[in-house]
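K.L.:
Sequence:
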Amino acid sequence: MLTYALTYVQGTIIIENADESDRNCEQCDFIKWDSRVGQWRGLGVDYQAIKSFFLRLGCSIDDQLEILWAATKLTSAWQTFALRPYQKTALASWKMSQYRGIVSIPTGGGKTLVGVGALRSLLVPALIVVPTRVLLYEWIETIKCYFMGDVACYGDGCHDIAAITVATFAAAYRHAAKIGCHFKLLLVDEVHHFGANKQDELLEMLPAPMRLGLTATYPDQVSQGKISRTYPEPEQNQLQKSLNPERLNRDPNFVATGPFALTQVQRLQKLVGKKIFSVPIGDLVGEYLAPFIHIPIGVELSGVESTVYKQCYNRYHQFQKDFYRHYPQSTYKDFLTFAHKSLEGKEAIAAWVYLKKLVNFCGPKEGTLESLLQKHFQDKMLIFTGDTESAYQISCRFLLPIITGEIKKRERERVLSDFRSSRVRAIVSCRVLNEGVNIPDASIAVILGGTHGTREFIQRLGRILRLNIHSQGSGENPYKKRAIIYHIFVKRSIEENQRRLFQQVIFAKDQTSSSERALYDGMRQRKYGKKPAFSKTHDTVAPKLYPSL
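Residue numbers for the sequence shown follow the working numbering, beginning at 1158 and rising by one.
Think of the hints as simulated: they come from the structure by calculation, not from any bench. Note that the structure is predicted; figures quoted are calculated from it, not measured. Some hints here could point you the wrong way.
Computed cross-link-like contacts, SDA-like style, restricted to lysine to any residue with a CA-CA straight-line distance of at most 25 Å [what the hints assert, rightly or not]:
id, residue 1, residue 2
1, K1490, A1508
2, K1566, S1578
3, K1537, E1568
4, K1245, T1164
5, K1335, C1315
6, K1355, R1331
7, K1513, S1459
8, K1565, H1316
9, K1537, G1562
10, K1566, F1238
11, K1467, K1565
12, K1498, T1525
13, K1431, L1248
14, K1335, C1302
15, K1245, M1367
16, K1301, V1281
17, K1565, I1318
18, K1301, A1249
19, K1230, F1304
20, K1245, S1459
21, K1245, L1270
22, K1648, K1335
23, K1427, T1164
24, K1431, G1443
25, K1355, G1314
26, K1245, I1433
27, K1467, I1506
28, K1427, L1163
29, K1478, L1500
30, K1478, I1433
31, K1566, D1307
32, K1513, R1554
33, K1498, A1508
34, K1427, R1257
35, K1514, K1566
36, K1301, F1238
37, K1514, R1554
38, K1355, C1315
39, K1467, V1516
Use the sequences and the hints to build the structure in full.
P.N.:
Here it is in C-alpha cells:
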C-alpha cells in the first residue's frame, strides 16, 4: 500500500514520497507539480479534499497536521450556558454540513454565542479571525466569560498563540504561513468581507478542515450584483480583451474582473462553505431583539447647493453613461480604471466625490440633527455619518464624543464607558461602530449618510436592537422601549434611492413575518386615508412634516 505524507509548508500542502510521474498525484485536481521544490503542492484550503482523494484510492496517509492538532490539548473547562432555539438549530445545521458553512443571523441576534458554542462542542484548536481591533477584544472577553483556559490575542501589537486564538484579518493575513498549521477549526466573523479581494488568500492558506462563517449580511441578502457569466467575443469589447475565459477554466482559483469573474457567493462557498442557516430579522424582533420604528426624514438642499449638486451629478452621470454604452458588460471596477486614464474621467470622479460630501452633511441635515438632539436629550443616541470629515464636524459643532479608526483603544473604551454610565448620551461615528460593538443601552440611531448601502444599514440597525442582557434576573426589564432609527436623507438626490432600499430591507418578503406584512399593508392603506393597525414589533413612520414620504 502506498503511503503519502502530508505536511504544511508556507500556506500550502506538500505531498511527500511522490515523484513527478506519480499517477495518483496526476489524477488529483487539487495539487500541481512544483518544479522549484520538486514536490506536489496544493493550497491549504484544499487540505481535506486532497486527503479524501488519496483515501478513496486506498492509499495510506501520514498526516503531520493531525498529529500536531492531537498534541494540542484543549481543556473542557467550559461553563454551561444556554443557547436560543435558533442558535441550536444553526449549530446542528453546521454539524450536518460536515462542519463547513456560513450562518447568517441579524446583528444583535447572538452570532458570537453560536461561535462559542462551536468551540465548546468540538474542543479542537481554533483560530477566530475578525475584521477590527474592537471585535478582537469583544471576542476575547466573550470567550473568557465561558472558558477557563487561555485565550490568545494575535493582533494590535500582540503575537500570542494558544489553543484558542483570536486574530485580526490583517495580522492573520501577514502571518498565516507561520501560524496556520496550529488550528483545526477556523471561525470567520463578518465573513462577508471575504470573497471579493486579496484577503481571500488568508482563507486559502489556512488548512483548517472545519470552517464556520458568521455574518448578518450574507451577500445575496443585500442586493449584491451578480456578475454575468456569459462570455462575449473579445472583439466586441476592447476593454475585455485581456480577460481570458480560458484562464478561468484552467485555474479555478483565479479571480478576474468583468464578465468572467466568480461571484462573491461562489468564492465564499469554496473558502468557507455554503450558507447553511439564516434567520430573518422579523422572526427575532419583539422576543430576542427590541421592537423598533424606522423614521425617514427628507430635507431639501438650498438653492446654491442644489445647483452645484445638479452640475456635479450631470457631469458624472454623462461620463458613466457614455462608458457603459461602449462597454455594456463591464463592472464598476472597470469603469474606475477607465476613468482614471483621462482628464475628463478624473473630473467626473472628482465631481462624484464632491457630490457625496455635499449630501453627507449639508445645512438642512445639521438643523434636523440639532432638533433630534433636543428632542431626545434624555435618550442614548448613536449618530452615523457617511464620512469621517462629517463625523468630526458634528463632534465640534455639538461637542459630542467621536469614535473613528484614528481613536486609540484607551480613549475608545473611555468613551464607551461614559456612554454606558450615562455621563454622555450621544456618540458620533462613521463606520467603526457598524460591526461588533455591544451597546445595548442605545435606543436611538440617526443615520446622516452611508457608503455601503443596505449592508451598512442592517449593521447600524443592529446597534440599537440589542437587549440589555445584564438586566435579566435583576428584576429589571431587559426589553427597552421601542427603539427608533432616524434616516435623514436629501430629497431628489442619490440618497432617495438608498432610502427606498432601506425600506425594502425592513419589509422584504423573505425576511418578514405575517404580522409585519400586515403592518406594511396597513401603511399602504394609510397612504390613501385609512388608519393602520400598528404592529407591536416595528414600524416605518413618515412624519407629517414631510408629506412626500
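K.L.:
Taking the hints in turn, state whether each one holds.
P.N.:
Right, here's what the structure says about each hint:
1. K1490 <-> A1508: holds, 18 Å
2. K1566 <-> S1578: holds, 18 Å
3. K1537 <-> E1568: With Cα atoms ~19 Å apart, K1537 and E1568 stay inside 25 Å; holds.
4. K1245 <-> T1164: violated, 35 Å
5. K1335 <-> C1315: Holds, at roughly 15 Å.
6. K1355 <-> R1331: holds, 12 Å
7. K1513 <-> S1459: holds, 16 Å
8. K1565 <-> H1316: holds, 19 Å
9. K1537 <-> G1562: Cα-Cα ~22 Å, so holds.
10. K1566 <-> F1238: Between K1566 and F1238 the Cα gap is close to 29 Å, so the pair fails against 25 Å, i.e. violated.
11. K1467 <-> K1565: violated, 39 Å
12. K1498 <-> T1525: violated, 41 Å
13. K1431 <-> L1248: holds, 14 Å
14. K1335 <-> C1302: violated, 29 Å
15. K1245 <-> M1367: holds, 18 Å
16. K1301 <-> V1281: holds, 16 Å
17. K1565 <-> I1318: holds, 24 Å
18. K1301 <-> A1249: holds, 24 Å
19. K1230 <-> F1304: Distance of about 14 Å is within 25 Å: holds.
20. K1245 <-> S1459: Given that 25 Å is the threshold and the Cα spacing comes to 53 Å, the pair is violated.
21. K1245 <-> L1270: holds, 10 Å
22. K1648 <-> K1335: violated, 52 Å
23. K1427 <-> T1164: Measuring from Cα to Cα gives roughly 21 Å; hence the hint holds.
24. K1431 <-> G1443: violated, 29 Å
25. K1355 <-> G1314: Within the cut-off at roughly 22 Å; holds.
26. K1245 <-> I1433: holds, 13 Å
27. K1467 <-> I1506: Holds - the C-alpha atoms of I1506 and K1467 are around 15 Å apart, at most 25 Å.
28. K1427 <-> L1163: Roughly 21 Å between the alpha carbons, so the hint for K1427 and L1163 holds.
29. K1478 <-> L1500: With Cα atoms ~17 Å apart, K1478 and L1500 stay inside 25 Å; holds.
30. K1478 <-> I1433: Violated. K1478 to I1433 sits at ~39 Å, over the 25 Å cutoff.
31. K1566 <-> D1307: holds, 22 Å
32. K1513 <-> R1554: Holds. K1513 to R1554 sits at ~20 Å (cutoff 25 Å).
33. K1498 <-> A1508: holds, 16 Å
34. K1427 <-> R1257: Distance of about 10 Å is within 25 Å: holds.
35. K1514 <-> K1566: Violated - the C-alpha atoms of K1566 and K1514 are around 28 Å apart, more than 25 Å.
36. K1301 <-> F1238: Satisfied, since the Cα-Cα distance of roughly 13 Å is no more than 25 Å.
37. K1514 <-> R1554: Between K1514 and R1554 the Cα gap is close to 17 Å, so the pair holds against 25 Å.
38. K1355 <-> C1315: Holds - the C-alpha atoms of C1315 and K1355 are around 23 Å apart, at most 25 Å.
39. K1467 <-> V1516: The given pair, whose Cα atoms are some 12 Å apart, holds under the 25 Å limit.
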